[in-house]
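Produce the entire structure from the sequences given, and follow the hints as far as they go.
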Amino acid sequence: MKKFNIRKVLDGLTAASSSSSSSSATAQPGTPRENDVVQETLQSEHFQLCKTVRHGFPYQPSSMAFDPVQKILAVGTQTGALRLFGRAGVECYCQHESGAAVIQLQFLINEGALVSALADDSIHLWNLRQKIPAILHSLKFNRERITYCHLPFQSKWLYIGSERGNIHIVNVESFTLSGYVIMWNKAIELSTKTHPGPVVHISDNPMDEGKLLIGFECGVVVLWDLKSKKADYRYNYDEAIHSVAWHHEGKQFVCSHSDGSLTTWNIRAPAKPAQIITPHGKQPKDGKKPEPCKPILKVEYKTTRAGDPFMVLSGGLSYDTVGRRACLTVMHGKSTAVLEMDYPIVDFLTLCETPYPNDFQEPYAVVVLLEKDLVVIDLGQIGYPIFESPYPLSIHESPVTCCEYFADCPSELIPALYSVGSRQKRQGYSKKEWPISGGNWGQGTQTYPEIIITGHADGSIKFWDASALMLQVLYKLKTAKVFERARGKEEKPSTDIVDEDPFAIQTLFWCPESRMLCVAGVSAHVIIYRFSKQEVTTEVVQLLEVRMQCEFSEVDSPDPGGEQTPTLPTPAAPSSPQEAEPLNQLTAGVNSSEGARDNIPCLQVRSSPLKQSPGYQVELVVQLVWVSGEPPQQITSLAVNSSLGLVVFGNSNGLAVVDYVQKTLLLNLGTSELYSPSDPCQRQPRSPRKPRQPSGGFCDSNDGSNNSEDRCKSPTSGSTSPCNSDDERKQNFIEKDGKDNAFTRSRSSSVTSIDRESREAISSFYFCESFPRKSDSLASPCLLVGTTQGSVMMVALGLQPGGDQKPQQTLSFASCGTLVQLKGGILTMALLDAAGTLLPPSCEAWYDPNASDEEKEKVRRRRPATPPSSQEGQDSQFAVLCSEKQAKVVAMTSQTIIYKHNITETSFVLRADVVQMAGTYCIACFCANGHIMSLSLPSLRPLLDINYLPLTDMRIARTFCFSNLGQALYLTSPTEIQRITYSQETCDNLQEMLSELFTPVETPEAPNRGFFKGLFGGGAQSLDREDLFGETAAGKASRSLAQHIPGPGSMEGMKGAASGVVGDLARARVALDERGQKLGELEERTAAMMASAESFSKHAHNMMVKYKDKKWYQL
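Each residue of the sequence shown is one higher than the one before, counting from 1 in this note's numbering.
Errors might be hidden in some of the hints.
[Stated by the list, open to error] The following label-pair restraints were derived from C-beta to C-beta distances:
#1 Ser-608 - Ser-775: 52 to 60 Å
#2 Tyr-675 - Ser-894: 43 to 51 Å
#3 Pro-512 - Gln-95: 43 to 51 Å
#4 Glu-40 - Val-536: 19 to 27 Å
#5 Lys-251 - Thr-336: 22 to 30 Å
#6 Arg-426 - Tyr-675: 52 to 60 Å
#7 Arg-426 - Lys-140: 14 to 22 Å
[Unchecked claim] DSS-like mimics (lysine-lysine), calculated; alpha carbons at most 27 Å apart, straight line:
#8 Lys-272 - Lys-298
#9 Lys-229 - Lys-294
#10 Lys-230 - Lys-294
#11 Lys-186 - Lys-251
#12 Lys-478 - Lys-533
#13 Lys-334 - Lys-425
#14 Lys-334 - Lys-272
#15 Lys-611 - Lys-476
#16 Lys-288 - Lys-298
#17 Lys-885 - Lys-823
Simulated from the structure, these hints should not be mistaken for laboratory data. Here a beta-carbon is modelled for each residue, glycine too, at the ideal position from N, C-alpha and C.
Structure follows, in structure tokens:
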């Protein structure tokens, strides 16, 4: 039966009614609509929004638990989240509705269930036997604050300690309170005048389940006899207790204290501790008490059959270790190892071979939960190495600054990236398998490759394999390697335009087919990378320095007002050719009379040789320079055309086009110049080995003359007279950075912040082959340029081949003026053909730049030739343009708007992408008000509009991105990526795709008591807790103490084929039938027993009659 989503229909109707006027065609009534030509197949039924999986380290972790049989790790957070981890690729995310911090977790070992205790004094029972865990029961305490929980192995009775010092007992099957309560005033001595404080520990004696050990914060420990309801022993110590751990034989226990000491107690000797040690305290020679240390927050005591026991503890360092990192201490026999951690320790657990507390524990690993990492230490190897984590927990290794998502990319990319990334792995890990190995992978049919790229604040870029709802790091690139690093604060260059993280990634562009990567950093730099499988050493990093400025009249006298008057061309350097000048020489920065910085980049490219490992290798570095005391503006948009060898980038000053093959600047235009088209400027790129021309003279005029008088000095000239050289007007500087600049520079700016805000910046680029003018009949290479003011301009790229070799190609540029105007800044642009299929920018096939010329030529020959774009017929192409407020579809050739749709009036779109969906294309949008929308192409019909997630911080706006096939993601916290789908097909298949947490595993056999222990009553003593805590023995608990809340997942375990009311009725009917059947069977058995009893009675009576009058000797 087909699913019917009334919400989507209503959303569609609402959107259609609000934009009925705006989404209509501009054609006159009666004319054929374009929709009659392009048959659209996408419908609302293709869309459904749901979360799929969350990756990364749990943000702000607070607690942890481990199931030693299922091998599943659970981590709770301060925001009420629950993350479960199994083997590599098995992870799950759940969320408590209240959002309260998770203070403790307890597995029902090998039962597929988990108990969580929250800071709002509620406990919850989670069912882990389903792929999406759900809460079965909840219990909310009204008069008690929960401080500690303990669930004995294979018990259904949960002990809950409170802030008042009382202990309550909960049946985890029904989640009801027992009437059995241990009150604090009965637990402590009557002579004690002060309250013992909250309960900080509860555990039963490993060898006697009837004895409960209760630790109070003040330092009092009580061994409580559950049967006699009284304290057997009380152990007093002067220092506050943080944790308690048993020896497995149940004769000793260890307490950790606030003064950094450990006390060991014999259970039958409560007068004083058997041993007191301070692991990190300095031992005075005169026998006095050691100096107090920091509190030992947790201790675990684990025994082994073959050797000394392990004692693992966190904290306890001496107070004189100021600034020292958090440590985990492992004491084994006479050796003590102090393991430094990168972050503070939240919790740790010792993993043992057996789940039974009364057997030798045989510890093999320690899981350490840190504030920003998860570390597993191997206890079985010398030096305690750590295990290599298979989880994607390093997303936040440096803060994520940008993110891109590529679904259904070329299949050979992931193996290629993995092969170069595998060489980057650290050494020294444990050789054993990852110990958290529970669960099973999903069985989904989603097999297409997916790659996520994250840019980080330290300049690093990470490539992730995101296929099949998993995440695994493939390769890491460090862009900061191409720059010189300041060794100290005093050496920090004063040309930085950011105070911190000067290498942070601002935006990136990746071409999967050609494997070209282009990144822009916050210090106004662009780096172009090629992918190679061979290692190379680059002697000199190729550098271009580009001078981009918005409005100025003279270099030495910037106009503070920002207004610009046209100036006439002025003569520059003489036309006689100069001597060849090496490209790696730096032209010194210029200081004006006011001492303003000029022609100085923000970062210094390294001058020493750069060893580049296989993977992404630097092709070219482009840096924007200071202009007359004004720092360069940060780059706002970026695009690459690998078939032409071009990279284009823009900011609030304008745009620049660079040929990264020949390392030359081809075009440098101010934003205002795009509005006034001039004659095409033909430019002859030069090889880096050619003689260096005068500054700004890297292009030829239309008539081929090289006269320097033809150069224009004003970049913002409003005159309509033809200007033969755009980069001449800009006074570009194409230089190689080789030496340090010794100028003192200030951060003063001649442009106010208000001016900067009002500048029109370049926000989007799109390379295409289209019709730049209405009169054009043949498509030619073009560049679509979108601005923050909603303008879309076209720049025609003329290509006249000069021979077979790329260096002889000549490019010409002509601005064709404004194509269309939209409300809000332009976010994305694309081109569709007459059938509504996306026309991607042309790109070349990947070849290894370090391979032989013969291999490169083979790749070029294999590449299919780009078909000619002379598509006949009117309006054979459609330009799709989306801004922060609206979307428009423009028919090319005629350049008329055929569809438009107002996406939002009260909010604005943060991210928009043209994506492939169900074999066709649509626009996916994410608004600041939390709505996720989808529009059909080309008619812009609303297909999806769901209020999903209101914008809570800029991190979501910066990282939200859509991809093909209904996939999207964003950073939901500084450490976690949340993936979502807007595809109905993926939502339907999600259950199959998700991993399984619970797998049927037999519980290990209990330890053998041995012959003598069984004969003389030794070994573990069992306890029938039902007799003690059940309602018949203990009575009912006070109703006002806690409130039982049925969980939303309480019926999940009974799921059948049916659902909803019909399923409930069917289940009720089945239950009634079963009950009736059982009652019938009971009635039959009762009747049979009555007949048997009557027969026995008759037989007994006959016997009695037979022998009643006979004497004993007659019998």
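Now for the hints, and whether the structure bears them out:
no. : hint                          : in the structure
1   : Ser-608 - Ser-775: 52 to 60 Å : holds (54 Å)
2   : Tyr-675 - Ser-894: 43 to 51 Å : violated (21 Å)
3   : Pro-512 - Gln-95: 43 to 51 Å  : violated (34 Å)
4   : Glu-40 - Val-536: 19 to 27 Å  : violated (49 Å)
5   : Lys-251 - Thr-336: 22 to 30 Å : holds (24 Å)
6   : Arg-426 - Tyr-675: 52 to 60 Å : holds (54 Å)
7   : Arg-426 - Lys-140: 14 to 22 Å : violated (46 Å)
8   : Lys-272 - Lys-298             : holds (21 Å)
9   : Lys-229 - Lys-294             : violated (36 Å)
10  : Lys-230 - Lys-294             : violated (34 Å)
11  : Lys-186 - Lys-251             : holds (24 Å)
12  : Lys-478 - Lys-533             : holds (17 Å)
13  : Lys-334 - Lys-425             : violated (34 Å)
14  : Lys-334 - Lys-272             : holds (24 Å)
15  : Lys-611 - Lys-476             : holds (16 Å)
16  : Lys-288 - Lys-298             : holds (25 Å)
17  : Lys-885 - Lys-823             : holds (6 Å)
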